[in-house]
Amino acid sequence: MKTIFLTLSLLFGYSLFGQITAKIIDSETSQNIPYVNIWVENENIGTTSNEQGKFILNIDKPKQIILSAIGYKRLKLNSNLINDVIKLEPSTVMLQEVIVKARQNSKEIKVSDFKNKSTTSFGCGPVPWITARYFNYNKEYDEAPFIKTIKILTSSDVKNAKFNLRIHAVSKDGKPGNLITNENIYGIAKKGKRKTEVDVSHLNIQFPKKGFFLAFEWLIIEENKYEYKVNIRGSKKKQYAYEPSIGTVSNNSQYDAFIYSQGKWKTFNEMWQTNQTIKHNVIAAQLILSN
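Read left to right, the sequence shown gives residues 94 to 384 (the working numbering).
The set of hints was computed from the structure by calculation and includes no laboratory data.
Once the Cα atoms are required to be at most 16 Å apart in a straight line, the calculated EDC-like pairs of lysine to aspartate or glutamate come out as: (1) K359 / D266; (2) K244 / E201; (3) K284 / E320; (4) K244 / D292; (5) K331 / E320; (6) K241 / E290; (7) K359 / E134; (8) K200 / E233; (9) K303 / D349; (10) K302 / E233; (11) K154 / E134; (12) K200 / D235; (13) K286 / D250; (14) K283 / D250; (15) K203 / E236; (16) K302 / D235; (17) K241 / E201.
All of these numbers come straight from a predicted model, not from anything done at the bench.
Work out the full structure: start from the sequences and follow the hints.
Structure below.
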């Protein structure tokens, strides 16, 4: 299977100016915030905070650092201002107004499908990129409007690789916008290749009339780390991937697939800096809706 990595930073190092070591906490409760997505703005340098909210980031000069976590306001600050502790302010998700009704679970609708024999996958090196796929609304979904289960094609070289799913509304510019739910949606990919199911029925998410973006977020944490060797200029070098990789399917529209990299959402055309109309790969995912 061909695996596409976001960046060539797997192969090339960079000189170190300094090391940022800090812990991220909730500004109101002082609780540690795990799995915060951390990027150096406009550069291929990033990481994820661990389960205790701690992280280490190596930079070559003062930078703008962007921190993003579900349930918290996005924070951008200069690296010179970072002390031992960073506080994130909780955010409030503006949920769409819905008619409250009892769940029946008597009808299911499958949205999209994929085969286990996907020949191309997305993988993750040392930076915590996120890839998002757009799901369009269809009138028939009114018969089973709640998102019950999300299935992703995963392949992992480690046991129980952890990942995060985000569900974004569509912004005015057509990119992934505000989060629809204020909770992390964690999934576990078992070792090997399989369809990994994530139950989201408890969140009572109704399929938005404008559609939504399903985003897959890799976590740069020790438990997901996989060591392998590659041949560089005639010698074998250790490299690291962060599991799992995810299967993809081909898509013609550049506006159905986005990447969160360097602290911002970009189309594939923007990532590769081209205006050509080319096919893109999107997450191999299936939704199960219920009433």
